[in-house]
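> Read off the chains here:
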Amino acid sequence: MSATAAAVHSLWTTRALADTAATPAIPTPHIEYAQLSPVLIVFGAAVLGVLIEAFAPRAARYAGQLAVSVVGLAAAFAALVALAADGYAQGRSHVAAMGAVAVDGPALFLQGTIVLIALVATFTFAERRLDPVAHGNRVDSFAAQGSAVPGGEQEQKAVRAGFTTTEVFPLLLFAVAGMMIFPAADDLLTLFVSLEVFSLPLYLLCALARRRRLMSQEASVKYFLLGAFSSAILLFGIALLYGYAGTVSYGGIADVVDGTAKLTPALANTTGNDALLLIGGAMVVMGLLFKVAAVPFHMWTPDVYQGAPTPVTGFMAAAVKVAAFGALLRLLYVVLPGMRWDWRPVMWGVAIVTMVVGAIIAVTQTDVKRLLAYSSIAHAGFLLTGVIAVSPSGVSSVLFYLVAYSFVTLGGFAVVTLVRDAGGEATHLSKWAGLGRRSPLLAAVFAVFLLSFAGIPLTAGFSGKFAVFKAAAQGGAVPLVVVGVISSAIAAFFYIRVIVMMFFQEPQPQGPTVAIPSPLTSTAIALGVAVTLVLGVAPQYFLDLAGKAGVFVR
Amino acid sequence: MTTSTGEAIQFWVLGIVAVLGALGTVGMRKAVHSALCLAGTMIVLAVFYLAQGAYFLGIVQIVVYTGAVMMLFLFVVMLVGITAADSLKETIRGQRAAAVLCGIGFGILLIAGIANASLHRFTGLAQANAGGNVEGLARLVFTTYVWAFEITGALLITAAVGAMVLTHRERTERPATQREQSEARVREGRNVTPLPAPGVFARHNAVDVPGLLPDGTPSELTVNQTLRARGQVRDVGGEQERRVRKLEQRSDEYVEGVTEGEGAPEGGRDRSGDNDGANHAEGAAK
Amino acid sequence: MSFPLLTVTAVVPAAGAVVTAAVPAARRTAAKWTALAFALATLVLAAVVTARFSPGGARYQLTESHAWITAFGVRYELGVDGIAVVLVLLTAVLVPFVMLAGWHDADPLETSDRRWRPTQGFFALILLVEAMVVIAFESTDVFLFYVFFEAMLIPMYFLIGGFGDQAGAHGEDEQARQRSYAAVKFLLYNLVGGLVMLAAVIGLYAVTAHQLGAGTFSLPQILHDRANGTLTLSTTAERWIFLGFFFAFAVKAPLWPLHTWLPNAMGESTAPVAVLITAVVDKVGTFAMLRYCLQLFPAASKWATPVILVLAVIGIIYGALLAVGQRDIKRLIAYASISHFGFIILGIFAMTSQGQSGATLYMVNHGVSTAALLLVAGFLISRRGSRRIADFGGVQKVAPLLAGTFLVGGLATLSLPGLGPFVSEFLVLVGTFTRYPALGVIATLGIVLAALYVLVLYQRTMTGPVKAGIEGMKDLKVRELVVVAPLIALLLFLGVYPKPVTDVINPAVKDTLSDVHRTDPPPKVTVPAVAAAKENAK
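Residue numbers (UniProt numbering), protein chains in the order written: chain P, 1 to 554; chain R, 1 to 286; chain B, 1 to 538.
The set of hints was computed from the structure by calculation and includes no laboratory data.
No false leads were slipped in.
Distance ranges between label pairs, derived from CB positions: (1) P:Ala54 to R:Phe73: 23 to 29 Å; (2) B:Ala37 to P:Val537: 23 to 29 Å; (3) R:Glu170 to B:Arg27: 52 to 58 Å; (4) B:Arg479 to P:Ser518: 44 to 50 Å.
Mimicking EDC-like on lysine to aspartate or glutamate, the simulated pairs with C-alpha atoms at most 16 Å apart in a straight line are: (5) P:Lys157 to R:Glu173; (6) P:Lys222 to P:Asp303; (7) B:Lys302 to B:Asp515; (8) P:Lys431 to P:Asp421; (9) P:Lys431 to P:Glu506; (10) P:Lys157 to R:Glu170.
Backbone N, C-alpha and C fix where the C-beta goes; we use that ideal spot for every residue, glycine too.
All chains should be built: construct the whole structure from the sequences, respecting the hints.
Here you go:
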């Protein structure tokens, strides 16, 4: 009894009495700054952006932020390329920052993708030619002042004063940094923190639309609440997995799952408790499925995609999917491969439901942004079929699909920002009728994106779909491929419907106009078209790249 | 080690309190009550942490969460006030019932699942706390989890930026100086003097009680604009008016009774003087 | 490696599409001539391909092979056998006529909008379709074939939906609605078919990857590996993959009961586009049955033959019966085509050398005869502004040339001896009869019905008193004659002397049959008896 008391009081007493020299020194953590440099550069740029907000005069902020973002992201990409060239993607890949971050092929590939997405997204964020000039100021897609009551006097004053929310750039960069860590995280704690790091800026960005601000704020609140909920579930799962394995590191848990770990006496009792492993694993996967918008965790997607400012929607739809699928792949392939007989049936179900529900509900949509939201849900299902393969080709096909999907998505949402009427973007589908007559080029570009989403050959969507289905079929999931093909057909129906509207219906007299974008948005769209065609016609280089990047470090 | 009886009793008693507190946080209609419930839950959690040997976490939970964050929150709620009520109307019929059902189902599933895990003993605490609880935590935070710890900084910056973006209103024009304000008042010709004070003499001195005009009606000017906008003005004017009227009636009866009986001992008094503010105060004092 | 002739044959029309699309909006005539020039250049190239092809030589000639997507085991492999050569030539021959016939179809009604360039679009899309069809015929890689098989839907879809017939029975809006419905129906049917095939293509890849170590789509390689036993398909796998392929081709061909998109698509599109659908694009479906279904999956083909033959015969009778009942000229021709596709599929799956030679020849003849009939019908319809048979009557008195060419086209459709289709239909029936006498007899009924619908159509529209609206009808113009005359000449030539074509086809057919491990059955019924039965049926 006295012994326990001593132990309890050790906190206050024994420490004071003990000889300080007897305490072993805590070793300095070893952090490979060079290998973490891409993330650190983006963080640095973000902090610089915050400082610009704080100290630069209002007039100089836009240019400054744009420059910092673009330079920061470009530098991060250069650093990633340098790391890959140094062989970190293959031979030299290892786990950095005291086991927190993996520097390996999938991580570098996904980080590169995310950085490029962010670069394009920065362009769409910075677009200022679409809205009519308000009181002599060019305006972007973001609220003049986020704090002003929608429709209130303060808002009008802010618009008149030419305020713009240039904070979106540092917020974007913070989100990007979080997303870069997310698929590279090699312990569950880093996974959780990075999830929060990229989610929080997204919640904020969602609330900052210039038009339809109430809807935007509602979207933000919805996203925040559901996101917080899913984070909580993820965290609970992490706790249970820790309870099971006694460690949060991916490799450590995998060892325990495989039964190859050295059983310490401390873990002898808890380890082997499959209930903890199953429930914990399920909850962590649930948290990730929420982020990839898989059914039944998809409810937030249409509302948030619709409410958020369109450039943000494009960024979210592309980058979050990349980051979350990266994390999901690493979790399932590194931590839980030993459990694949348990999780594969579940993921089968999720993939089937996601593909079918996404495609079927999309058919009834009348709003372009909601349509694209459901289409992104269906695409999450297609991606899941690749994840289920549990093979190197599964990894590389998902990586490739993510590249193909994300740039097309960015381009698609960029096109949505261009079609406008007096109330801002004209997202209702009926307003898109006859767009092919008014502006054939834009309609043709959007048709290319839609055909790519539908997976018509010679577009990126087809190559991606073929890659994941091929991986799934080789992994023995032929029924899944059949379901995928059927839902592709359903999905094709609503993409085609939009094309029909654009080309074969008479334009409405009060229809929307097509804004002439600055080179910023044009670049985003052109890049989308280029990626669609290049990945559709000559995907070999990128398939090779994804193939080489397909090995996780453990 | 196994759980001692004392700890078990402590757990079951406080566990109920924690869950009730959490439910109260969601269910209470007033923000202050919700916040208090949350604070209660947090304190209970802190006790749990302490009981399980996580001293640092327990103390931090009380000092930082309950003490600082929650109290700050309460201050904000009390000072700024959250009056806008959420619309509790269901947009989809039966949604709430379905949600509750699903929640309960999920909870049961989870509880059943975790209860199935054979965790009769807990281990590893002694090793974890071997070098002292704080030292053990510090060792982890500054070595193994230093990266996670560092990127939490990004989260904090984002939170700060977000708070500014969503709440800070930058002025669109230069604020008027005191001189300009007074000049404007003189030019407009109203409220040249300082505004009258709130409160009713000898009865209230609260800022939310308007001062009364001579006729007993409350004066808008006496109450802070913010309180007025929020509709938090406590109106005592109506009561005062009633009392004045009663007083007048009594004095009328009295005067009538005197003239009928013994003449008018105070006959020289002018009735119109009743409208004086002092009389109101007198009436109120009675 | 020599000059990539096959690639160039496909690239020229594709380049033509780009050039045509880039012609400024106001220079419509220039765009048309540009497109025609590219189409003629393609024809020349196709002729060169035919000339360079030696019927007795290797199975696939003029081959080209390059790595394309190694990660998928996909190669850019081209090569033609006799069947492909003939069909490439057919395509190249028909496209200039299609263009000439549709010379004014896509002229915009008002030229106010300077960015709206329908004419350029129309001709560019036709060239694009031609390029895709040609490469689909030429490819010997399953994946490459699939890509263009699927991709050609998109330009076709725009051709159907964007450039409809102005002569529908209803108002402007109703017409636009109908047209868009037809286009969507066309696309969805074919897309679903194509996606089912995609699943099968992936299945094929999985099998080859599993057994050969690296997945491949190369047709020669798969055939080679199957022949020497390195690649064996399990019965179940072969059947499922076969069904996936066959479904797509049956939709495209189209085989009853997957045919319902064809009458809509042909009815609502302009006559030249209808020709493109039925004479060019649909041939890819029947061609692919012959090349991919039979060669890749011989056992499964044999397994499915009874059902397919029955469906084909049903298609023959059903199409003919519905053609008899049609009130719309183009829909009538569409149902007649369904009947003819029944014959083609019957010939392919009868698995006799006569049957398959006949089927291949039928593809050519059907292409030419339908083109002739449809294009003349198109001239007729554009003159009257109506597609309803009831609106016509006595045309032969007003426009004898028009009526005459229409009659020749019609007679070709009903397989009059002396015209091309007769030879092929005869071969198909003989080929079927040697193995499946009962089906052969039923199929012969289709010929009787063909005589009925063609002659009734002619009688109602061309003979009798001149109806109102017909009086001032002009006869064929020079441009139109240039379109029709060569086609009729071709029909006559093929009817009298089909040997050059059959010489090219026959070796390929033999190879195909040997893949299916089938030989012709010994004749049970003497050929004269069949001919007699045929004469009786007439």
